[in-house]
Amino acid sequence: MSFVSMAEKAIEYAQEKGAEYVDVRVEEALTTSIRIRRGEVEAAQSRRIRGIGVRVMIRGSWGFSSTSRVNWQEMLKAIDNALKLAKSSIEVRRRKVYLAESKAYEDKVRAKVKEDPATIPLEEKLKLALEVDKVMREYSDRVKEDEVIYGDSKYLKIFVNSEGSRINVEGCRVFCRAYVVAREANVVSPAVEVVAGSKGYELFKEIDPVEKAKEAAARAVRLLEAEVPRGGLVTAVLDNEILGLIVHEAFGHVAEADLVMTGTILTNKIGQRVASELVTIVDDPGPEGAFGWTPYDDEGVKCRKVVIIEKGVLKGYMHSRETAYLMGSEPTGNARAQDYAHPPLVRMRNTYMEAGDWDPEEIIRDTKGGFYLKGGIGGQADTNGEFMFSVQEAWEIKNGELVKPYRAVTVSGNAIDVLKSVDAVGKDLKVVSPGMCGKFQLVPVDGGGPHIRCKLILGGR
Amino acid sequence: MSMKELLEKVIRHGLKLGATEVHAVINESRGFEVTINIDDISDAIWKSTSVLEVAVIVDRRIGIANTQEVTEEEALRTVERALSLAKGNKPNPWWKALPGPKPHPEVSGTYDSRIAEIAPEEVIEMARVALDEVKGYDPRVGIWAGVINTNVIHVYVANSRGVEGEDKATSFTISLVASAKEAGAIGSFAEEIRASRALDIEVQEVAREVARKAVESLGARSIKSFKGSLIMDYYTARDFFATFVEALRGDNVWKGRSPLRDKIGEMVAIDNLTIIDDGIMPKGLMTSKFDYEGHPRGRTPLVEKGILKGYLHNSYTANIMGVESTGNASSLLSVAPSNIVISQGDYECDELISEVKKGLLIKRFSGYMRYEDGIVSGVAKQAFLIENGRIVHPVKECMISGNIYEMIKKISGMTRSRKNILGIITPTIRVEDVSIVSKA
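Residue numbers (my numbering), protein chains in the order written: chain U, 1 to 461; chain A, 462 to 901.
The set of hints was computed from the structure by calculation and includes no laboratory data. Keep in mind that a hint or two might mislead.
[Said to hold, decoys possible] Computed list of lysine to aspartate or glutamate pairs in EDC-like fashion (alpha-carbon distance at most 16 Å, straight line):
id, chain 1, residue 1, chain 2, residue 2
1, A, LYS716, U, GLU227
2, A, LYS548, U, GLU354
3, A, LYS716, U, GLU147
4, U, LYS96, A, GLU578
5, U, LYS404, U, GLU202
6, A, LYS551, U, ASP423
7, U, LYS134, U, GLU42
8, U, LYS112, U, GLU42
9, A, LYS716, U, GLU124
10, U, LYS315, U, GLU354
11, A, LYS551, U, GLU42
12, U, LYS96, A, GLU677
13, A, LYS685, A, GLU848
14, U, LYS455, U, ASP423
15, U, LYS439, A, ASP504
16, U, LYS205, U, GLU115
17, U, LYS114, U, GLU40
18, U, LYS77, A, GLU848
19, A, LYS551, U, GLU354
20, A, LYS548, U, GLU277
21, U, LYS96, A, GLU848
22, U, LYS430, U, GLU386
23, A, LYS551, U, GLU40
24, A, LYS716, U, GLU131
25, U, LYS77, A, GLU578
26, A, LYS551, U, GLU123
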């Protein structure tokens with residue numbers, strides 16, 4: 001029995017047993033992951049995922065089952081359990097589930113891949129990862145630690161539901177992260193570079209991870225000489241990468257409808273000004289090749305661009321069919337699951353600030369005093385908009401020139417205050433902040449924006 | 462075909478294709494999970510997974526492949542993927558060999574057929590009981606998040622040196638996070654986690670306890686920074702000892718990452734502290750017949766009366782350090798503790814508090830504790846001020862900082878009673894001279 005026939009049969013069976021809505025997701029993926037540390041191959045693994053996930057709804061109550069045993073007997077067991085779970089929760093649930101209307105689609109989508117990673121021999125991938133490691137390790141004897149993580153994944157996702165949708169998505173992702181720490185006396189200077197996308201192995205010919213790793217090592221060593229700045233509220237020019245991180249972490253999560261309903265800084269603010277009128281922020285299923293590329297979400301909704309903020313005004317949230325119903329909106333295609341064994345949740349895809357009309361170099365030249373912040377290493381944000389991130393590299397700007405580098409710089413503030421302070425937006429939009437986002441489940445995402453200028457709190461001494 | 466036969470086929474296939482050694486393990490897991498979110502059922506899930514993992518070694522080059530499609534055809538393809546990974550890999554200069562066969566111990570109390578036969582309605586009912594009990598205890602309290610989980614696992618292991626084994630186990634876990642609201646102010650989150658191998662946890666009791674803890678956090682006030690006694694209740698003590706034990710993992714010791722390397726025979730803690738890794742204790746949450754490599758589990762004294770006695774090993778790290786494996790393999794190259802048992806003290810909880818001039822009782826810690834350098838840095842999310850032997854009031858978030866390797870030598874009291882928090886059996890402990898910094 002083909003996957004699709006098994007899925008259709010499963011849906012029929014569930015409906016006979018009383019399910020009002022059913023969806024079935026079948027997923028197959030082959031991934032390779034390599035981890036190198038200080039010249040040693042710590043892990044080299046191949047992983048094959050395959051399974052089916054079923055969601056059923058009865059009188060406003062969900063039941064979800066998954067199994068990696070893809071045969072009809074197991075499917076029956078899975079559906080029976082999902083139905084029993086749904087039925088027995090009906091009286092216990094306080095809030096009934098309703099789904100917003102969504103068009104059914106029959107579609108087959110295939111990501112554009114030039115070099116299928118499954119056809120690249122492991123020796124070549126190992127060679128690449130080892131070269132990335134070597135270039136960092138051998139850059140300087142002040143490089144004390146390094147780690148390379150390489151991953152690729154080829155997947156097929158099939159979605160079938162009781163409303164007539166039949167969607168196939170075939171895609172591919174590649175990922176290479178180079179992390180390095182330089183040390184001298186008491187000074188510790190980390191740096192990181194990531195090359196990743198929803199593309200085949202050809203991405204590594206377009207952007208050379210070895211070159212990027214060398215940049216990271218050079219930066220880590222260079223910044224050993226730099227000082228830690230004095231903290232305070234400053235004018236800051238942000239590069240595409242750190243803006244991408246902030247947009248996703250500090251701003252994106254608080255626009256996810258499920259969190260909005262439990263209370264975030266954006267709750268009940270549709271139509272209100274939450275940023276400068278130069279700011280437009282979107283969550284996009286593309287561009288094609290971005291790490292969070294998602295043509296259809298895991299509820300079979302055709303993904304569309306969500307304009308979260310338009311010229312400073314809050315326009316909309318990111319939705320699943322469930323939250324869209326509750327808030328009287330259209331589904332947006334933001335319901336994503338880590339894999340077939342997890343029910344979907346509201347998640348971001350590729351979240352970025354749209355381009356403005358400044359020349360990025362002009363923004364710096366126009367700045368009398370402030371800091372130029374490049375790249376982020378990580379951080380955290382709260383639903384009340386408060387955030388804190390570590391910046392990879394900062395330069396003091398004096399009269400339009402970059403005069404002095406600083407290290408160990410952090411930035412913090414409140415997402416809305418920072419966005420309201422934006423007074424220049426560049427025209428150089430780049431989506432260059434790929435990563436894995438965790439919110440009970442891991443999903444690949446991307447982010448970015450152009451260079452911008454704003455005010456935020458610099459942390460240092 | 463039985464799983465045992467499938468593993469035999471896998472090993473034969475690997476050897477036939479030129480592998481020096483082959484290791485294979487099958488894990489089957491099936492269970493229910495009901496999640497609670499903001500006083501309501503959020504997800505009701507049943508999950509069934511099988512995974513076959515094959516490790517192939519060709520002249521010290523290791524390749525690992527796994528698959529969720531556990532059929533004969535796919536199993537053989539997985540062997541081939543592992544083999545090609547091995548051939549493409551660098552040789553591991555420290556690799557000696559997979560372990561040979563040794564008799565496995567009998568273990569008891571790890572499988573409860575009631576869990577294997579539990580109906581979905583019963584698990585939903587437990588969620589209902591948790592929700593009702595919390596509201597019934599005190600209407601100011603709500604469950605912010607909760608998970609109730611039942612699971613059955615079967616494990617099969619075999620290798621080309623003749624190791625062979627089969628084991629099964631069940632688990633039942635309830636975890637609830639609650640907070641109380643009064644006059645618009647929300648108290649800090651309280652949490653309660655219980656886990657067992659049997660269907661013997663009373664949901665009402667867990668719900669009542671988390672509600673009680675949530676209410677006792679209402680009315681938190683700021684305090685001034687000070688240095689004094691820190692009483693870590695079971696949850697925080699668990700994190701503390703778990704971090705210390707990370708430094709006793711053979712893989713961390715060998716790689717030079719552990720500050721406790723080269724310290725066997727030395728005093729590393731107070732003289733009445735004993736820490737044992739016990740992989741075979743009856744009903745133990747981490748008890749099993751064998752580890753990832755199929756090597757028998759056992760009891761390993763790690764710290765005895767404050768003196769470091771040994772480390773945890775798998776065959777790989779044992780070979781490197783010239784000792785025997787302790788049956789703690791979590792993979793071919795890495796080590797993990799099993800059940801960790803901390804010695805009892807001789808205090809009652811009240812006595813521990815009554816001796817404190819000025820201190821903090823902490824029930825929930827959020828931050829980090831690192832074994833690499835011992836740094837403890839984070840926020841006491843649920844804590845109480847103690848003054849002159851009595852609890853005065855709940856405290857608004859404050860920062861705790863210190864160093865594990867110093868704190869473990871400054872333990873001034875431990876309780877007689879212990880709790881099993883996810884596989885670590887620990888008393889409540891009191892540590893002196895801890896820096897408590899107010900966030901205000």
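Against the structure, the hints:
1. A:LYS716 / U:GLU227: Roughly 32 Å between the alpha carbons, so the hint for LYS716 (chain A) and GLU227 (chain U) is violated.
2. A:LYS548 / U:GLU354: Distance ~47 Å between LYS548 (chain A) and GLU354 (chain U) Cα, so the pair is violated.
3. A:LYS716 / U:GLU147: Holds - the C-alpha atoms of GLU147 (chain U) and LYS716 (chain A) are around 15 Å apart, at most 16 Å.
4. U:LYS96 / A:GLU578: violated (29 Å)
5. U:LYS404 / U:GLU202: Between LYS404 (chain U) and GLU202 (chain U) the Cα gap is close to 37 Å, so the pair fails against 16 Å, i.e. violated.
6. A:LYS551 / U:ASP423: Violated, because 53 Å separates the two Cα atoms, which is more than 16 Å.
7. U:LYS134 / U:GLU42: At roughly 15 Å apart (the allowed maximum being 16 Å), GLU42 (chain U) and LYS134 (chain U) satisfy the hint.
8. U:LYS112 / U:GLU42: Answer violated: LYS112 (chain U) to GLU42 (chain U) is near 32 Å, above 16 Å.
9. A:LYS716 / U:GLU124: violated (27 Å)
10. U:LYS315 / U:GLU354: OK: LYS315 (chain U) and GLU354 (chain U) at ~15 Å, within 16 Å.
11. A:LYS551 / U:GLU42: holds (10 Å)
12. U:LYS96 / A:GLU677: violated (32 Å)
13. A:LYS685 / A:GLU848: holds (13 Å)
14. U:LYS455 / U:ASP423: holds (9 Å)
15. U:LYS439 / A:ASP504: holds (15 Å)
16. U:LYS205 / U:GLU115: holds (10 Å)
17. U:LYS114 / U:GLU40: Violated, at roughly 30 Å.
18. U:LYS77 / A:GLU848: At roughly 58 Å apart (the allowed maximum being 16 Å), GLU848 (chain A) and LYS77 (chain U) break the hint.
19. A:LYS551 / U:GLU354: Not OK: LYS551 (chain A) and GLU354 (chain U) at ~45 Å, beyond 16 Å, violated.
20. A:LYS548 / U:GLU277: Between LYS548 (chain A) and GLU277 (chain U) the Cα gap is close to 58 Å, so the pair fails against 16 Å, i.e. violated.
21. U:LYS96 / A:GLU848: Between LYS96 (chain U) and GLU848 (chain A) the Cα gap is close to 49 Å, so the pair fails against 16 Å, i.e. violated.
22. U:LYS430 / U:GLU386: With a Cα-Cα distance of about 25 Å, the restraint between LYS430 (chain U) and GLU386 (chain U) is violated, given a limit of 16 Å.
23. A:LYS551 / U:GLU40: Given pair LYS551 (chain A), GLU40 (chain U) holds - Cα atoms ~8 Å apart, limit 16 Å.
24. A:LYS716 / U:GLU131: With Cα atoms ~22 Å apart, LYS716 (chain A) and GLU131 (chain U) exceed 16 Å; violated.
25. U:LYS77 / A:GLU578: holds (14 Å)
26. A:LYS551 / U:GLU123: Holds. LYS551 (chain A) to GLU123 (chain U) sits at ~9 Å (cutoff 16 Å).
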